[in-house]
Amino acid sequence: MKDKILKPLIRWIIVVGSVFLIITLLLYAIRVNPFEVYKLLIEGSLGSKYRIARVLNVWIPLVLCSCGLLYTFSLGLWNIGIEGQIMLGAIGTTAAFKWFYPSLPAIYVMFLGLLLAIIAGGLWALFAGILKTKGGVNEIFAGLGLNFVAQGLILWLIFGPWKRPGIASMSGTEPFDRHLWLSVIKGFRVSPVALSISVFVFIATVIIFKYTRWGLFFKAIGDNPTAGTLFGISVNKYSLFAMFLAGACAGMAGFFQTAGVYHRLIPAISSNYGYLALLVVMLANFSYWPVPFIAFFFACLNVGSIQLPMVLNIDSSLSGIIQGLSVLVFLCVYNFQKLKENSLE
Amino acid sequence: MSTEFPVIAATVVGGAAPLVFAALGETITERGGIINLSLDGSILLSAMTGFAIAYKTGSVLWGFVVAGIVGALIAGIVASSTLFLRVSQVAVGFVLALMCRDLAYFLGNPYSRIQGPQLSYMPIPLLEKIPVIGKIFFQQNIMVYASYILIFAVWFFLYKTRWGLMLRCAGENPEAAYIRGIPVEKLKFWFTVLGGFLVGISGALYSLSVKPGWGRPQGAEGIGWIALAIVIFGGWEPIKVALGAYLFSFLQVAGILLQDKFPSVPAQVFQVAPFPLMIFTLLFINYFNRKEIQEKALTNPVLRILSKILKANPPASLGKVFYRN
Chain Z
1 MKDKILKPLI
11 RWIIVVGSVF
21 LIITLLLYAI
31 RVNPFEVYKL
41 LIEGSLGSKY
51 RIARVLNVWI
61 PLVLCSCGLL
71 YTFSLGLWNI
81 GIEGQIMLGA
91 IGTTAAFKWF
101 YPSLPAIYVM
111 FLGLLLAIIA
121 GGLWALFAGI
131 LKTKGGVNEI
141 FAGLGLNFVA
151 QGLILWLIFG
161 PWKRPGIASM
171 SGTEPFDRHL
181 WLSVIKGFRV
191 SPVALSISVF
201 VFIATVIIFK
211 YTRWGLFFKA
221 IGDNPTAGTL
231 FGISVNKYSL
241 FAMFLAGACA
251 GMAGFFQTAG
261 VYHRLIPAIS
271 SNYGYLALLV
281 VMLANFSYWP
291 VPFIAFFFAC
301 LNVGSIQLPM
311 VLNIDSSLSG
321 IIQGLSVLVF
331 LCVYNFQKLK
341 ENSLE
Chain E
1 MSTEFPVIAA
11 TVVGGAAPLV
21 FAALGETITE
31 RGGIINLSLD
41 GSILLSAMTG
51 FAIAYKTGSV
61 LWGFVVAGIV
71 GALIAGIVAS
81 STLFLRVSQV
91 AVGFVLALMC
101 RDLAYFLGNP
111 YSRIQGPQLS
121 YMPIPLLEKI
131 PVIGKIFFQQ
141 NIMVYASYIL
151 IFAVWFFLYK
161 TRWGLMLRCA
171 GENPEAAYIR
181 GIPVEKLKFW
191 FTVLGGFLVG
201 ISGALYSLSV
211 KPGWGRPQGA
221 EGIGWIALAI
231 VIFGGWEPIK
241 VALGAYLFSF
251 LQVAGILLQD
261 KFPSVPAQVF
271 QVAPFPLMIF
281 TLLFINYFNR
291 KEIQEKALTN
301 PVLRILSKIL
311 KANPPASLGK
321 VFYRN
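From first to last, the protein sequence lines stand for chains Z and E.
FYI, the numbering for the first sequence is 1 to 345, going by our numbering.
FYI, the numbering for the second sequence is 1 to 325, going by our numbering.
Where hints are given, some of them may not hold.
[Said to hold, decoys possible] Derived DEER-like restraints, expressed as beta-carbon distance ranges: (1) Z:46 - E:319: 36 to 42 Å; (2) E:110 - Z:199: 40 to 46 Å; (3) E:110 - Z:115: 45 to 51 Å; (4) E:308 - Z:103: 55 to 61 Å; (5) E:256 - Z:236: 52 to 58 Å; (6) E:110 - Z:196: 41 to 47 Å; (7) Z:169 - E:217: 14 to 20 Å; (8) Z:30 - E:256: 35 to 41 Å.
Calculated from the structure, these hints are not laboratory results.
Quick reminder that beta carbons are idealized off the backbone N, C-alpha and C, glycines included.
Produce the complete structure using the sequences and hints provided.
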């Protein structure tokens, strides 16, 4: 019993401690006072109601994308194309809004937008999945290539068919009608719908992995694809299914970015949240429980770092460095400990 | 941009040089069985350091040396974490790709949009006088000439030297190689580092020659991923990998030319055009690697030639963790 609680606890203390220590040393190395940075990051992200709302607005797409990635990672698939899947979700949303409003009531158009976002994101991911299973193109390159294509598609739409009347600009399409904005909690600028759907998706993911046959198959195939084939589970079918689910989650994130945060289609609609979600899931060691907490931590870093250029005159890309370094140190220290434990046994 | 053939061809050759360095560096690394996925960030970080050092010291040479070292260090992290800590190479490489990009932007801030030294042209006497060819190949800078030599050096190393043979063994069947007394871990480590050094040089080539200067975006974003795809395109064989680099450079130049022809289409659309093409080429190559096509090729001469050119066999242990016992 003691071993069961104490050992993992010590392991986690060492891992988290090392991450913290190395980040502090790095900050010293680049001549920045680490404690000033930490203070700013905390104040900048949790210092006011307005800032917490911004953190939650980042948390929503991060959790959605991370849930999607849990499906693909459980099969050993690297869905790097998740970034493009968010963009397709955003395109789907904008398309529904442009095509069906005002001929249909706003609430229906919202539903259609969400549906189209899910389908567009899912199909985009499915395409990468088909390239992998049928064409033999590694999903890392297929996904990545499709990310760039999606970016090109958004730019083409913004500068072409969906350009603002008069002039097209990098600032995006014309803002949507106010009726098509997701309503927010007053004074707290977060959409309760977006928040509750994200929580729901997370709970559903946990239930799927823990209690359903699908979840069992995902885990079984991920652990040993050959055994999966022997038991009559079609690995390809599950790979495509997992890709679609991941894309659908990312598409949903795209919907919330478009209808809830920016209220129009902009070139940077995905804000790199797909890539960030890949780091979240890696730091969670590919399991679901830590996902919402790590996503929250990363969201705080992202929002808090906006203060850095203003106050300390340092570039906000520091948050990316902290995120990357956390994952890198975690992977190394965690594996080092596991190796040490194995050699002791 | 001039539409004269030798000028376009010279641009293609010059633009391909950094890709040749990066893709051949990665070829060496992958031949040893390790995937260094960090290329994209690695190229940006070394581009930034290369420019910053050249600016501070006034010496382009130092820029290249330090950029190479930066690339080597990043590759060293990938190699050591996977060889000694058994962490997934793909995971470490991917994290480094993102982190080094941010690090490059963060540390490179003070060097943004300033004038700095860059590689000067160095036509080769006599050779430059050869009609057409001289203009295309021999009126370039010294690193472009170095890239020509590198292609044959890597080919010679892999297929004609003992070390090359040992490295290929370590990549194909590390367990067997280890039993035969080949220092598998050392080989994998040092050749990953060497590959990383070449990737670093590639970064400096961007900031000191092809897209001189540093800024955000630098213009080399996404190139690391392309280089990784080119290695697959070239079937892990140096000459074919280099041809892939030239092909990609041609596509980029073609994109710029087409942009002049269709000014109403936004520039960004042409910038992303090479990426779907990359997917198509990978798809095309994989088609020829299929069993049924290989079988058909036995009787069909056209297919036989095509499949001989396009067949690609990855090193058998590529990306796998090596367990000594």
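Do the hints match the structure? See the list:
| no. | hint | result |
| --- | --- | --- |
| 1 | Z:46 - E:319: 36 to 42 Å | 40 Å, holds |
| 2 | E:110 - Z:199: 40 to 46 Å | 43 Å, holds |
| 3 | E:110 - Z:115: 45 to 51 Å | 48 Å, holds |
| 4 | E:308 - Z:103: 55 to 61 Å | 59 Å, holds |
| 5 | E:256 - Z:236: 52 to 58 Å | 40 Å, violated |
| 6 | E:110 - Z:196: 41 to 47 Å | 45 Å, holds |
| 7 | Z:169 - E:217: 14 to 20 Å | 18 Å, holds |
| 8 | Z:30 - E:256: 35 to 41 Å | 37 Å, holds |
Hint compliance for this structure: hint 5 alone is broken.
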